[in-house]
Amino acid sequence: MVNLITKIKDLELKNPVMTASGTSGFAEELNDFYDVSLLGAVLLKGITLHNRDGNLYPRMAETASGMLNAVGLQNKGVDYFIKHIYPRIKDYDTNLIANVNGSTVEDYIEVTEKINELPNISAIELNISCPNVKEGGMAFGISCPSAIAVTHEVRKVCSKTLIVKLSPNVTDIAEIAKAVEGQGADSVSLVNTFLGMAIDAEKRIPLLSTVTGGLSGPAIKPIALRMVWQVYNAVKIPVIGMGGIMNATDAIEFMLAGASAVQVGTAIFKDPFIPVQIVDGIENYLERHKLNSVSEIVGALQI
Amino acid sequence: MVNLITKIKDLELKNPVMTASGTSGFAEELNDFYDVSLLGAVLLKGITLHNRDGNLYPRMAETASGMLNAVGLQNKGVDYFIKHIYPRIKDYDTNLIANVNGSTVEDYIEVTEKINELPNISAIELNISCPNVKEGGMAFGISCPSAIAVTHEVRKVCSKTLIVKLSPNVTDIAEIAKAVEGQGADSVSLVNTFLGMAIDAEKRIPLLSTVTGGLSGPAIKPIALRMVWQVYNAVKIPVIGMGGIMNATDAIEFMLAGASAVQVGTAIFKDPFIPVQIVDGIENYLERHKLNSVSEIVGALQI
Amino acid sequence: MSKKEVRDFLIIENRPLNNSNFFIKLKSNENLPDLFPGQFVNIDIPEQNEVFLRRPFSIFEVDYNDNTISLIVKILGKGSKKLTEIGIGKTLNLVLPLGKGFTLPEKSDKVLLVGGGSGMAPMLFLAKKSGLLKGQVHLLIGARAHSDHIVLNEYAEYGHFFYATDDGTFGEKGYVTQHSVFKHSLSDYTKVYACGPLGMMKAVAAEAKSQNIFCEVSLENLMACGFGVCLCCIEPTTKGNLCVCTEGPVFNVNDLKW
Amino acid sequence: MSKKEVRDFLIIENRPLNNSNFFIKLKSNENLPDLFPGQFVNIDIPEQNEVFLRRPFSIFEVDYNDNTISLIVKILGKGSKKLTEIGIGKTLNLVLPLGKGFTLPEKSDKVLLVGGGSGMAPMLFLAKKSGLLKGQVHLLIGARAHSDHIVLNEYAEYGHFFYATDDGTFGEKGYVTQHSVFKHSLSDYTKVYACGPLGMMKAVAAEAKSQNIFCEVSLENLMACGFGVCLCCIEPTTKGNLCVCTEGPVFNVNDLKW
Ligand SMILES: Cc1cc2nc3c(=O)[nH]c(=O)nc-3n(C[C@H](O)[C@H](O)[C@H](O)COP(=O)(O)OP(=O)(O)OC[C@H]3O[C@@H](n4cnc5c(N)ncnc54)[C@H](O)[C@@H]3O)c2cc1C
Ligand SMILES: Cc1cc2nc3c(=O)[nH]c(=O)nc-3n(C[C@H](O)[C@H](O)[C@H](O)COP(=O)(O)OP(=O)(O)OC[C@H]3O[C@@H](n4cnc5c(N)ncnc54)[C@H](O)[C@@H]3O)c2cc1C
Ligand SMILES: Cc1cc2nc3c(=O)[nH]c(=O)nc-3n(C[C@H](O)[C@H](O)[C@H](O)COP(=O)(O)O)c2cc1C
Ligand SMILES: Cc1cc2nc3c(=O)[nH]c(=O)nc-3n(C[C@H](O)[C@H](O)[C@H](O)COP(=O)(O)O)c2cc1C
Ligand code: FES
Ligand code: FES
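The listed protein sequences correspond, in order, to chains A, B, C and D. Using this note's numbering, you'd call the opening residue of the first sequence number 1 and step up by one each time. Using this note's numbering, you'd call the opening residue of the second sequence number 1001 and step up by one each time. Using this note's numbering, you'd call the opening residue of the third sequence number 2001 and step up by one each time. Using this note's numbering, you'd call the opening residue of the fourth sequence number 3001 and step up by one each time.
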């Protein structure tokens, strides 16, 4: 039996496979298909301080080997989450990780303070990389000073494992990773979506109500993999990799590039079972390669 | 008959379709398939001051809807080009545009000076965005000061139309575009390839000899399109768009987003006739939409 | 909510119904879950370089005896076209059952089902499943021209059919909402259901609303996941932005912001 | 250089030769250009979501009378697998003719053709096209085991065949370079040609070089374009980095940096 246990600082996962925020609802929808306790963690959909309706329809456009989304953090706000959703999901036997969003540093602090009180939330993923909101979001994640500012403040009120989710829409992602590491982030997760755009040539209009949206899926995998490798070589904290992972081979590539764990996003739309299949596929890979523990492949790329 | 004539500053193209540098050799290889005079322009493969062997094999990896390359500007140097290649191609009845590269500002200047002497080269594309060379290349294109420095110097010695080719590996491409516009660039072309990476999970090695390489093809189209739109809205000079264009619809999307002309790169590897088919497809689109001139669709996206 | 599944089906029929709509019958090895009119499946399109996401299609017919479901697929773009080209004996991978179906009519109801094109599929399923007498079910079917009409004679036993075409080549000339059944007798019905082009559904809804008649429509918003995790398919409603894939695709028109 | 083309071919045969190699015959509507042993075609793989670029395959047989070309395709990954699954009657899009072929032998030559797996294809084409008497052509074919061998009896008239298998289940046991023909009689040949796994070609090349025998090999470097524009397929040679797709795929081993 190979050992799939993965540690993100103090947080222990039964395996390195998580779902990505915004692609797996509040875990309940996946639990309609299978027992989510098969997964290392489920990232909950992005939460903000107040109710957000999100952006107008259409919010989605298919692209070559990928998709654009412009959901814009639709959610009912942190209080609704705590009162109505958390009680329903808190006993799932997996790690639930909250994805915290804000338009201002104060927003981030307040949401974090509230989530921090919930015993069955294992960790907080600080999303400073949402490209689909007018204020805040990605704006925090594309410059070092703002990334530092928000991480610094949130760290003070967050006693749980703190993961900072990075934007790929930057010149030097390693620099941002180092900056948030310096503020006490326990881990960085990357990448969020790439800012992209799609057009209906016949109608001469954008396909998204917001004109631009976030690109995800296999199309972005080569860039995401490169970024994970760069960040892994720049920081000491564990890296969580994602971006276009569709199968176990993809997941293993991210781990070889330096990811301690992976998140699976858009693939879930293709097939909600993919995260579970990836767990099996990693186990199988380790057995075939006669490795005892999944930690042995983390950063094991031979250059 | 619709009017396909396109102007990039003083440079007149019979239609807005060019090939992209590094994907169409020195025009001769395409001319083996069809008469290159059907095209608006052919971008010649990147030229440097001295002979460059390029990077080691393997230089290529297929990815989802795209490919990575790590050619590294293999070429025999500008003098060889002038003596041996230019005489063979100079009479093709299309616009030949030289793609100029360097490791230092002095390199760029010297290559430009030499190319500037060649009467049948219509324009110079200053490549400050090659991700596959250790020195220079993309390093110039990812910060405003260095982009300004090289454009400023090259402009002084370039009396031809000067196009600056931008890197997408930046936080704010519009800022770089404005910076080079300020130095007298006649046009900007974008995007060059995205820095990416691919791994052989079984062998645990990178698929490229250089570990990272440049991502091109349909995978990047949504991001490239967004960047063209951002740059179009930021500068007054004509924008040349590219990144994953595979057919006339893609080309028209780039033009609607603001590109005065387009370049077709990786698609040529799939089918060398694609640039020609795109010319026909644009003509057909204009007729169907009862438009007289291709210039009417440039930036015609309705927001 | 019943457990959702990802399941392979065998294509056992794939044939044109008219120039743009196909009938596709799929068979499973195992028992089918309960499926209701208005529910849909999400299909992975095989062997197509350009389609990335699944494509949703309403369930048209279900046979629990031989574990088959049937669809009516209209060729709209790359994915639907590919579906109609895949040969018998090949496998399709489906996610099902998805969405909430129509509110089934009561014994006392008299219903009008308004359909167009592939929007026929859930209407016919509903007619069959309604449990009403033939006289209680009127089906008003619209199309551009005669050649676009899907005529399925075997459904004659489930209701009375009325036809409208834009060009008058079959049934009455004009839109469904201009059809005599709709214009003059709408108030005869206790429930109106519609599925088809958005413009048609909006016109039906407007009339039903103004006459205060119960009316449900089935929306076809663009979907990425189909099971409620992506929030791409939302429709603005009086209860906020709701997911069409889980809170719909069937909505009471009173809840919509039309 | 002859004009290059992008052309559709019809698949008229597609059948296994052994457990991993397929024979695929393609027919064109129009006359074929001249094609030489060692040249290749670049095939667009249809109906495969995961293959983006074309895949290169050596020309095995050409029939100018019925405008057919044949290939031997070994299943290596996604693209080659898909090719072997595409049914007769379907269309494949090819770029051709690509690359430079082998230097054809002179009338006085005695040649040894060393092939392995799908590397047989250009070797058999060369044997047929050489114009030499059967006695002047020796073909030494290697494989892992008997079941991996491709035996094409109709080629017996073009040369004498010798076989080697790693496990001794067919012909002599061992690598081709350990075969008696190779070990003891290499100096009998005036020209040696090889196509197959890199290790095999390198071993053959080393021996031929040491004995100063003319030797050409056909390389299979990864390609993006296949016609000289991308510079991805380069091989380091005494003349610098050369494109395998235009300056090769056939190289004289003296020019290679092996
Ligand atoms: C719940 C539900 C049930 C459906 N039931 C059926 C059914 O029973 N039979 C049937 O034929 N179709 C049905 N549809 C519609 C069907 O899903 C689309 O026709 C199909 O996804 C189109 O895919 P494509 O690849 O052929 O088109 P694409 O190539 O993806 O698109 C072609 C063009 O159509 C537009 N388009 C595609 N899908 C939609 C959409 N859903 N809404 C608006 N515009 C769209 C695209 O933007 C594009 O302009 C249903 C849709 C939903 C959401
Ligand atoms: C000039 C030339 C002539 C050829 N002639 C023939 C022929 O006649 N018959 C035949 O069966 N094959 C031939 N090949 C090889 C053939 O092109 C590859 O087997 C095919 O491209 C593999 O595609 P795939 O999608 O099946 O494999 P993929 O799924 O793309 O790859 C599977 C694995 O094989 C590796 N791989 C793929 N292609 C190559 C390659 N060219 N060199 C080294 N490793 C590779 C990949 O890196 C990967 O690890 C030829 C290649 C060249 C360049
Ligand atoms: C529809 C959709 C909604 C998303 N919502 C969120 C979100 O709320 N918070 C967040 O941090 N990331 C969000 N993301 C980004 C994903 O978590 C992930 O970073 C990205 O999609 C890349 O991974 P993938 O290619 O595997 O999908 C969303 C992505 C998609 C496609
Ligand atoms: C194999 C290869 C070589 C390239 N070489 C160059 C080059 O020499 N100079 C340059 O400016 N861009 C070069 N590029 C980038 C292309 O010109 C183009 O910017 C990029 O590929 C995006 O367009 P596409 O998706 O249509 O290929 C190269 C791209 C490829 C794939
Ligand atoms: S399609 Fe994803 S939530 Fe409805
Ligand atoms: S494959 Fe492109 S140059 Fe050889």
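Possibly wrong hints are sitting among the right ones.
Keeping only pairs whose Cα atoms sit at most 27 Å apart, straight-line, the calculated DSSO-like set for lysine-lysine is [to be verified]:
1) LYS3074(D) to LYS1203(B)
2) LYS2081(C) to LYS3074(D)
3) LYS2074(C) to LYS3090(D)
4) LYS3128(D) to LYS3078(D)
5) LYS2090(C) to LYS3074(D)
6) LYS1203(B) to LYS203(A)
What the hints contain is simulated information worked out from the structure, not anything from laboratory work.
Going through the hints against the structure:
| no. | hint | result |
| --- | --- | --- |
| 1 | LYS3074(D) to LYS1203(B) | holds (21 Å) |
| 2 | LYS2081(C) to LYS3074(D) | violated (32 Å) |
| 3 | LYS2074(C) to LYS3090(D) | holds (24 Å) |
| 4 | LYS3128(D) to LYS3078(D) | violated (31 Å) |
| 5 | LYS2090(C) to LYS3074(D) | holds (24 Å) |
| 6 | LYS1203(B) to LYS203(A) | violated (48 Å) |
When the structure is compared with the earlier hints, violations turn up for hints 2, 4 and 6 and for no others.
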